[in-house]
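Fit chain B to the known structure of chain A by using the hints.
Sequences listed follow chains A and B, in order.
Numbering-wise (numbering that gives the first Met the number 0), the first sequence opens with residue 0 and increments by one.
Numbering-wise (numbering that gives the first Met the number 0), the second sequence opens with residue 0 and increments by one.
Check each hint, because a few of them may be wrong.
Copies of one chain are not kept apart here, so a pair can be met inside one copy or by any two copies together.
[Claimed, not checked] When the alpha-carbon atoms are kept at most 30 Å apart in a straight line, the in silico BS3-like pairs for lysine-lysine are as follows: (1) 58 - 116; (2) 57 - 30; (3) 120 - 30; (4) 58 - 30; (5) 110 - 121; (6) 30 - 110; (7) 116 - 57.
The set of hints was computed from the structure by calculation and includes no laboratory data.
Protein chains: 2
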Amino acid sequence: MERRQFIQKGATVALAGGLLTNQAIAMPTTKVFIHHVYFWLANPESEADLNQLIAALKKLSEVPNIQQFHIGVPADTRREVIESSYQVSLCLFFADSEEEAIYQIHPLHLKFVEENKHLWKKVVVYDSVDI
Amino acid sequence: MERRQFIQKGATVALAGGLLTNQAIAMPTTKVFIHHVYFWLANPESEADLNQLIAALKKLSEVPNIQQFHIGVPADTRREVIESSYQVSLCLFFADSEEEAIYQIHPLHLKFVEENKHLWKKVVVYDSVDI
Numbered sequence: 000m001e002r003r004q005f006i007q008k009g010a011t012v013a014l015a016g017g018l019l020t021n022q023a024i025a026m027p028t029t030k031v032f033i034h035h036v037y038f039w040l041a042n043p044e045s046e047a048d049l050n051q052l053i054a055a056l057k058k059l060s061e062v063p064n065i066q067q068f069h070i071g072v073p074a075d076t077r078r079e080v081i082e083s084s085y086q087v088s089l090c091l092f093f094a095d096s097e098e099e100a101i102y103q104i105h106p107l108h109l110k111f112v113e114e115n116k117h118l119w120k121k122v123v124v125y126d127s128v129d130i
Numbered sequence: 000m001e002r003r004q005f006i007q008k009g010a011t012v013a014l015a016g017g018l019l020t021n022q023a024i025a026m027p028t029t030k031v032f033i034h035h036v037y038f039w040l041a042n043p044e045s046e047a048d049l050n051q052l053i054a055a056l057k058k059l060s061e062v063p064n065i066q067q068f069h070i071g072v073p074a075d076t077r078r079e080v081i082e083s084s085y086q087v088s089l090c091l092f093f094a095d096s097e098e099e100a101i102y103q104i105h106p107l108h109l110k111f112v113e114e115n116k117h118l119w120k121k122v123v124v125y126d127s128v129d130i
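Only chain A is shown next, with the shape it has when bound in the complex (with noise of 0.2 Å):
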């Protein structure tokens, strides 16, 4: 149901084409939980390492009830409250907690905790639910 949501959507924007403000892409109606994950390397000065997480990131990436799916690393802005002291981020979309534990468990999500988590040496998540 929640899928069907968000392909409507689309359809309204699509359909809407260039009518559309900002504002209607920017503040979908469907709720979802954002599991964000920000890895601190064992070694951050390896790039080897840093190519394998991400190489095993994107592996991970095709669990099928992932709606969106982001790997990144930290940009250039440095400010007081910002944390850029990490190597890689991982920002997943689900439709909902439900969907998140279903990931949790799945497999592909333990082969890669498994294969990779010598690599790093601090991990913090923070998981949130759309109000």
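Just chain B now, with coordinates in the frame of chain A:
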């Protein structure tokens, strides 16, 4: 240009209809800048303060160059790696770092900070750019 690509993606999603796999929705080709802010309230027990912050964040969504806007609260997930002590999160997507820089100095954003900064005791920001 980024925005047009986003709309075209919407059109493709709409036209393909039921033939789509989740994967097609999950993997946008457009790279984004994710600005994720976590707020710790000065008075975390105050429902009035929470509501004021959320209302102010909704107004903030009127900044026109925001691509996606999510106001969240911590999910029910509790594991050692999960940071769930914040009260409110704000996840914004921008086309790129230049667009996020414009947001930082937008009058609506400056007004938001000025009028509401007394509500929080701590803010942590993670800015990430898609690889």
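Tested hints:
1. Taking the shortest Cα distances, residue 58 and residue 116 sit within 30 Å of each other inside one copy (15 Å), while across copies they are farther apart (41 Å).
2. Proximity of residue 57 and residue 30 under a CA criterion of 30 Å is satisfied in both settings, with 25 Å inside one chain copy and 14 Å between copies.
3. Taking the closest pair of Cα atoms, residue 120 and residue 30 come within 30 Å of each other only across two copies (27 Å); inside a single copy the shortest separation is 32 Å, beyond that limit.
4. In this homomeric assembly, residue 58 and residue 30 come within 30 Å of each other (Cα to Cα) both inside a single copy, at 26 Å, and across copies, at 18 Å.
5. Proximity of residue 110 and residue 121 under a CA criterion of 30 Å is satisfied intra-copy only: 18 Å inside one chain copy versus 36 Å between copies.
6. When the C-alpha separation of residue 30 and residue 110 is checked against a cutoff of 30 Å, the pair qualifies both within a copy, at 29 Å, and between copies, at 26 Å.
7. Taking CA atoms no more than 30 Å apart as the test, residue 116 paired with residue 57 passes inside one copy only; the shortest distance there is 15 Å, against 38 Å between copies.
The structure fails none of the hints (numbered hints given earlier).
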